[in-house]
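Chains F and V, in that order, are what the protein sequence lines are.
Each residue of the first sequence is one higher than the one before, counting from 1 in our numbering.
Each residue of the second sequence is one higher than the one before, counting from 1 in our numbering.
Some, not all, of what chain V presents toward chain F, calculated at C-beta under 10 Å:
#1 L44
#2 P49
#3 I191
#4 Q216
Here chain V is said to cover these stretches of chain F; the calculated rule only asks that three of the stretch's residues, wherever they fall, bring their Cβ under 8 Å from a Cβ of chain V:
#5 89 to 95
#6 120 to 127
#7 160 to 168
Only some residues are given here: those of chain V computed to face chain F with a beta carbon under 7 Å:
#8 R78
#9 F186
#10 L233
#11 M234
Derived from the structure by calculation, the hints contain no laboratory data.
These figures come from a predicted structure and were not determined experimentally.
Think of the CB as a built atom: it goes at the ideal place given N, C-alpha and C, for glycine as much as any other residue.
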Amino acid sequence: MFKSSCLLIISCSEKVKQKIGEYRMGESHDSVKSKRIVFVTVGTTCFDSLVRAVDTQESTGEDGSLSVDYFTFSSSIAEYLKSASLVISHAGSGSIFETLRLKKPLIVVVNEDLMDNHQSELAEELAERNHLFCVFPQTLYQTISGMDLGSLVAYQPGDATPVANFINRFLGFNDE
Amino acid sequence: MDNVYSCFFSDMGFLNVAISLIIGISTLIMIRIFYVIYWSSKPLYSKPPGPLSTLIVLGSGGHTAEMLNLLAVMQMDRFKPRYYIAAATDNMSLQKARVLEDSLIKKAEVEVVGTSHFLQIYRSREVGQSYVTSVGTTLIALTHALWLMIKIRPQVILCNGPGTCIPLCVIAFFFKVLGIRWSSIFYVESIARVRRLSLSGLLLYKLRMVDQLFVQWPQLKSKYPRANYVGRLM
Chain F
1 MFKSSCLLII
11 SCSEKVKQKI
21 GEYRMGESHD
31 SVKSKRIVFV
41 TVGTTCFDSL
51 VRAVDTQEST
61 GEDGSLSVDY
71 FTFSSSIAEY
81 LKSASLVISH
91 AGSGSIFETL
101 RLKKPLIVVV
111 NEDLMDNHQS
121 ELAEELAERN
131 HLFCVFPQTL
141 YQTISGMDLG
151 SLVAYQPGDA
161 TPVANFINRF
171 LGFNDE
Chain V
1 MDNVYSCFFS
11 DMGFLNVAIS
21 LIIGISTLIM
31 IRIFYVIYWS
41 SKPLYSKPPG
51 PLSTLIVLGS
61 GGHTAEMLNL
71 LAVMQMDRFK
81 PRYYIAAATD
91 NMSLQKARVL
101 EDSLIKKAEV
111 EVVGTSHFLQ
121 IYRSREVGQS
131 YVTSVGTTLI
141 ALTHALWLMI
151 KIRPQVILCN
161 GPGTCIPLCV
171 IAFFFKVLGI
181 RWSSIFYVES
191 IARVRRLSLS
201 GLLLYKLRMV
211 DQLFVQWPQL
221 KSKYPRANYV
231 GRLM
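Start from the sequences and build out the full structure, keeping to the hints where you can.
This is the structure:
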């Protein structure tokens with residue numbers, strides 16, 4: 001599903017990183033210059049089914065020419081997001097809004113193993129408003145094959161001032 | 001025989017007095033609680049007050065990011081001193097708050113040095129902790145919350161959902177009832193809550209323990225009419 005000119009950067013758990021390391025040894029890494037980057041993030045959660053869905057033979061191409069880079073934790077993923085041409089993320093609000101703010105195409109994958117999956121509410125609502133695509137790990141491949149990035153609508157950033165004004169008025173502070 | 005009867009009657013008398021006292025005090029407390037709930041929902045001051053001491057509750061994940069996003073548009077000279085509280089096991093939140101406060105000092109529009117404090121509170125229960133030990137840790141967390149609230153006695157409380165805010169808000173409510181400190185409690189439900197309130201939000205909404213509850217999606221406004229719909233903050 002990803003062309004061989006893509007660089008896939010995955011942020012994942014230590015366990016999964018080791019598994020990937022085992023069968024990736026001996027691969028050469030091409031230079032990043034001419035590649036488009038797909039950034040995959042699981043946030044601070046354990047979301048192995050997403051990493052597995054992305055890192056299959058199917059997705060990385062039979063000849064294994066897709067370069068994969070991975071890390072377990074970074075205190076800020078802003079740089080990775082900026083250089084990506086597509087972001088695949090878990091449904092955390094932080095990842096979602098950081099990506100939307102940078103106006104990057106976003107596919108959110110919902111983790112069905114999470115208890116009390118309230119996160120999916122946000123992803124589904126934003127998908128309904130066409131700001132991103134919302135899928136499950138099993139349907140990731142189909143979605144990517146058939147998606148039209150042009151159908152996505154830019155998300156207009158929100159504004160916290162109405163709340164601040166309300167609080168100020170409630171407490172009796174006059175607004176300038 | 002007389003002695004037995006007189007003992008019996010004086011015991012009855014004592015019992016009557018005790019029962020009347022209990023009913024009387026309970027009634028007074030109930031009246032006071034309704035008074036507090038009624039007046040909490042009304043704007044507080046008719047003219048601008050001086051700076052108000054503010055407690056800001058931070059939580060892991062998106063909670064801190066959303067709170068800092070709100071703080072960025074609030075006038076900090078009206079809300080000082082500021083007390084930031086995060087769970088003891090949350091490493092990043094207080095750091096992020098310090099970054100915000102440092103940027104305020106750099107801007108130097110406002111006299112901010114020495115007006116912010118960073119505190120940690122014990123969590124009632126860690127993810128995956130057994131329910132048996134949770135009883136003990138919850139009691140410890142409640143005691144710790146009480147201790148911190150007695151020290152801080154904030155006039156304003158800002159929170160947006162983490163479980164750590166519940167003991168603090170409940171204690172603040174009781175401080176109001178007992179006349180120890182009147183705090184204006186503002187709860188902003190997370191942007192991730194589109195169709196249902198979080199457990200914290202639901203508790204505080206149903207028990208009417210917050211002055212104002214804000215929601216970011218219209219679906220929540222229709223479900224919870226007393227909430228204020230303010231659109232998305234992020």
